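Listed here are the chains, written in short residue letters.
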Amino acid sequence: MTVRAADVVVGTELPERTFAVTRADLVRYAGASGDFNPIHWSDRIAASVGLPGVIAHGMLTMGLAGRAVTDWTGDPAALVEYQVRFGRPVVVPDDDAGVEVTVRGRVAALLDEGRARVDLTVTSGGEKVLSLARAVVRLP
Amino acid sequence: MTLDAGLVGRSYPPSAVYEVGRVAIAAFAAALGSADPVHLDAEAARAAGHPDVIAPPTFAIALTLAAAGVVVEDPEVDLDYSRVVHGEQRFVHHRPIRAGDRLVATPSIEAVRSVAGSDLLTTRVDVATEDGEPVCSATSLLVARGAS
Numbered sequence: 001m002t003v004r005a006a007d008v009v010v011g012t013e014l015p016e017r018t019f020a021v022t023r024a025d026l027v028r029y030a031g032a033s034g035d036f037n038p039i040h041w042s043d044r045i046a047a048s049v050g051l052p053g054v055i056a057h058g059m060l061t062m063g064l065a066g067r068a069v070t071d072w073t074g075d076p077a078a079l080v081e082y083q084v085r086f087g088r089p090v091v092v093p094d095d096d097a098g099v100e101v102t103v104r105g106r107v108a109a110l111l112d113e114g115r116a117r118v119d120l121t122v123t124s125g126g127e128k129v130l131s132l133a134r135a136v137v138r139l140p
Numbered sequence: 001m002t003l004d005a006g007l008v009g010r011s012y013p014p015s016a017v018y019e020v021g022r023v024a025i026a027a028f029a030a031a032l033g034s035a036d037p038v039h040l041d042a043e044a045a046r047a048a049g050h051p052d053v054i055a056p057p058t059f060a061i062a063l064t065l066a067a068a069g070v071v072v073e074d075p076e077v078d079l080d081y082s083r084v085v086h087g088e089q090r091f092v093h094h095r096p097i098r099a100g101d102r103l104v105a106t107p108s109i110e111a112v113r114s115v116a117g118s119d120l121l122t123t124r125v126d127v128a129t130e131d132g133e134p135v136c137s138a139t140s141l142l143v144a145r146g147a148s
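Protein sequence lines correspond, in order, to chains A and B. All residue numbers for the first sequence refer to this note's numbering, where the first residue is 1 and numbers rise by one. All residue numbers for the second sequence refer to this note's numbering, where the first residue is 1 and numbers rise by one.
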């Protein structure tokens, strides 16, 4: 399914998405991205820098929130601008369930050339983990 | 430990060529849990109008964070990397990154600020093909928390 520019208005809501993030996901993301910072895999190092535990790569959270947008548009190429502020770390426990990241999105503005701005609300454990999370999509 | 405002606008030489492979794109998509065939299957990507599989929109970080590292390691920048956290990230895409791309990343310093004892460095990395076609730009805010 592809969302078309004619289908969206200011206030159109994206389907809410929830992504589970486990330690295995952090290892996979480290390998795929080349970001091997030990705060994303070592409890010892995370504690030594004052973190409450191993945390997810901010870019993993950003990537998952981006999926909520591109799965909605039906076309990853539609995402032409994307920005976030990393507000609060996502602590990932060493268990099988991991932690949940929930992404909500809403069309905040219609721009020229079939583009729309989507504002995202990204939370984990009821707390906002990204702020100023905005995407611009170009819709057919 | 305040960053020199004269650093703003400083640019660095282009990176070595990064050759984008299908396997790297598939691995990145898998790491985000995406099974969208445009990331995995060249035929599906072509059917969607792309020359080959395309990368998820945040894939560029695999090139641009390393390129921004050149800025952080510049002795004149004097940023304590052990205290650096990633504050903000922004991408502007001219077109999707795709398998077969031969990309170069050119870093520069967009802004420096000091706020409440922390140093804030904004790097910008422009990604283009080795032939000069613009592909994307990535802007990163790096925050070196003040020792307190």
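By construction, these hints were calculated from the structure, which means they are not laboratory data. None of the values given here were measured: they were computed from a predicted structure. Any given hint could turn out to be false.
Pair ranges (Cβ atoms, derived) [what the hints assert, rightly or not]: (1) A:Leu51 <-> B:Gly33: 29 to 37 angstroms; (2) A:Phe36 <-> B:Asp78: 20 to 28 angstroms; (3) B:Glu43 <-> A:Arg88: 20 to 28 angstroms; (4) A:Asp96 <-> B:Pro14: 39 to 47 angstroms; (5) A:Asn37 <-> B:Ala47: 15 to 23 angstroms; (6) A:Phe36 <-> B:Arg145: 30 to 38 angstroms; (7) A:Arg88 <-> B:Asp131: 24 to 32 angstroms; (8) A:Asp112 <-> B:Thr2: 24 to 32 angstroms; (9) A:Asp43 <-> B:Asp131: 43 to 51 angstroms; (10) A:Gly125 <-> B:Asp78: 17 to 25 angstroms; (11) B:Thr2 <-> A:Asp96: 27 to 35 angstroms; (12) B:Glu73 <-> A:Ile45: 16 to 24 angstroms.
All residues carry an ideal CB built from backbone N, CA and C; glycine is no exception.
Cross-check of the supplied hints:
| no. | hint | verdict |
| --- | --- | --- |
| 1 | A:Leu51 <-> B:Gly33: 29 to 37 angstroms | 24 angstroms, violated |
| 2 | A:Phe36 <-> B:Asp78: 20 to 28 angstroms | 24 angstroms, holds |
| 3 | B:Glu43 <-> A:Arg88: 20 to 28 angstroms | 41 angstroms, violated |
| 4 | A:Asp96 <-> B:Pro14: 39 to 47 angstroms | 44 angstroms, holds |
| 5 | A:Asn37 <-> B:Ala47: 15 to 23 angstroms | 38 angstroms, violated |
| 6 | A:Phe36 <-> B:Arg145: 30 to 38 angstroms | 21 angstroms, violated |
| 7 | A:Arg88 <-> B:Asp131: 24 to 32 angstroms | 42 angstroms, violated |
| 8 | A:Asp112 <-> B:Thr2: 24 to 32 angstroms | 41 angstroms, violated |
| 9 | A:Asp43 <-> B:Asp131: 43 to 51 angstroms | 46 angstroms, holds |
| 10 | A:Gly125 <-> B:Asp78: 17 to 25 angstroms | 37 angstroms, violated |
| 11 | B:Thr2 <-> A:Asp96: 27 to 35 angstroms | 46 angstroms, violated |
| 12 | B:Glu73 <-> A:Ile45: 16 to 24 angstroms | 21 angstroms, holds |
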